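Please put together the full structure from these sequences, using the hints given.
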Amino acid sequence: MTDIPDYPVGTPIPLPACGTWPESVHVFDAKTVAALRAAEAAGRPLLMRGEPGTGKSQTARAAAAWAKRLFLSVVIDGRTEAQDLLWRYDAVARLSDAQLQAHGARDAYHYLSPGPLWWAYHWEGAHKQWEPRKQGEVPEAPPDWHEGQGTVLLMDEIDKADPDLPNAFLELLANRAFTVPYLGQKIVSGARAPLVVITTNEERELPNAFLRRCMVLTLSLPADLKPWLVRMATLHLERQEALKPRIFPKLLGKAADLLIAERTELEREQVYAPGLAEYLDLANALARLGKTEKQQETLLQEVAGFALRKSAPDKLR
1 MTDIPDYPVG TPIPLPACGT WPESVHVFDA KTVAALRAAE AAGRPLLMRG EPGTGKSQTA
61 RAAAAWAKRL FLSVVIDGRT EAQDLLWRYD AVARLSDAQL QAHGARDAYH YLSPGPLWWA
121 YHWEGAHKQW EPRKQGEVPE APPDWHEGQG TVLLMDEIDK ADPDLPNAFL ELLANRAFTV
181 PYLGQKIVSG ARAPLVVITT NEERELPNAF LRRCMVLTLS LPADLKPWLV RMATLHLERQ
241 EALKPRIFPK LLGKAADLLI AERTELEREQ VYAPGLAEYL DLANALARLG KTEKQQETLL
301 QEVAGFALRK SAPDKLR
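So the sequence shown is residues 1 to 317, counted in the working numbering.
Below, computed lysine to aspartate or glutamate pairings styled on DMTMM-like, alpha-carbon distance capped at 25 Å:
#	residue 1	residue 2
1	Lys-31	Glu-205
2	Lys-226	Glu-51
3	Lys-254	Asp-224
4	Lys-68	Asp-3
5	Lys-31	Asp-6
6	Lys-226	Glu-265
7	Lys-186	Glu-81
8	Lys-310	Glu-262
9	Lys-291	Glu-23
10	Lys-244	Glu-302
11	Lys-226	Glu-262
12	Lys-186	Glu-147
13	Lys-186	Asp-84
14	Lys-254	Asp-281
15	Lys-254	Glu-267
16	Lys-160	Glu-171
17	Lys-310	Glu-157
18	Lys-68	Asp-6
19	Lys-310	Glu-51
20	Lys-254	Glu-293
21	Lys-128	Asp-84
Label-pair ranges, simulated between beta-carbon atoms:
#	residue 1	residue 2	range
22	Glu-202	Leu-243	33 to 39 Å
23	Pro-143	Trp-228	30 to 36 Å
24	Lys-226	Glu-140	34 to 40 Å
25	Gln-135	Pro-16	22 to 28 Å
Worth flagging that the hints you see were computed from the coordinates, not collected in a lab. Bear in mind the structure is a predicted one, so any value in this text is a computation, not a measurement. Ideal Cβ positions, reconstructed from N, Cα and C, are used throughout, including at glycine.
The structure is reproduced here in structure tokens:
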């Protein structure tokens, strides 16, 4: 039996920049920790629901950072197919080589690049396949990481997928192995299965069969929202040395009051309401543009609407 990480509750976890992910900081709450541990213990994916900006995607990244695991992510769209999660075959490159080279194209397996599940199941084999053509990016592994430490795989925005994809993905996970036809090789997961975190923004209803095979966590902003927002903004601004002298808790509180008022009004109008992401954008803009608290207070009135009110005017009643 492998150890299941016990993630810290309430402790800021710094997240260095990784690939396209910017530097950030994450704070686990008790409910999220319990859900992550339960999902891993049950051998099920964790489906995370909730409005945008509640930290669904970042939860997976923070879980990997804390446990010193490899972090893999894929953003799903309407064109994503189950096979894309295993490998991609570049038929266009092979055809081009066949036309341009006197000896023709190489064997088909030379045009295969590993998908996220291949990297998650067998890092060494995926890297060996990637090496000759260097097609696509190699996931950035933590220092001194080895396959025995495991991986965290984020499937982001699965609600945008074709309806058949969610169930097909779970079948791939349940099998913990797949065969690459061009290689005639079976890729088998190591002793530690990847921790899989799946996010949805509820744009499309997910199949019941899919939901039955997931642990499900619904994230929401805390009831006592104002102090939480101020703390999150402070943690994010403190990561930038030049902005530390420009952190003014009272001013951040006023910005939080504006966000809460906007949320109340826009939720009543049943249109998109701002959340943590918009609040952090506003706090960052104020700190960068205003050196003093007085300057930031003036700026708050000028720029708050740009960050907090995103719906088109005709959507408001």
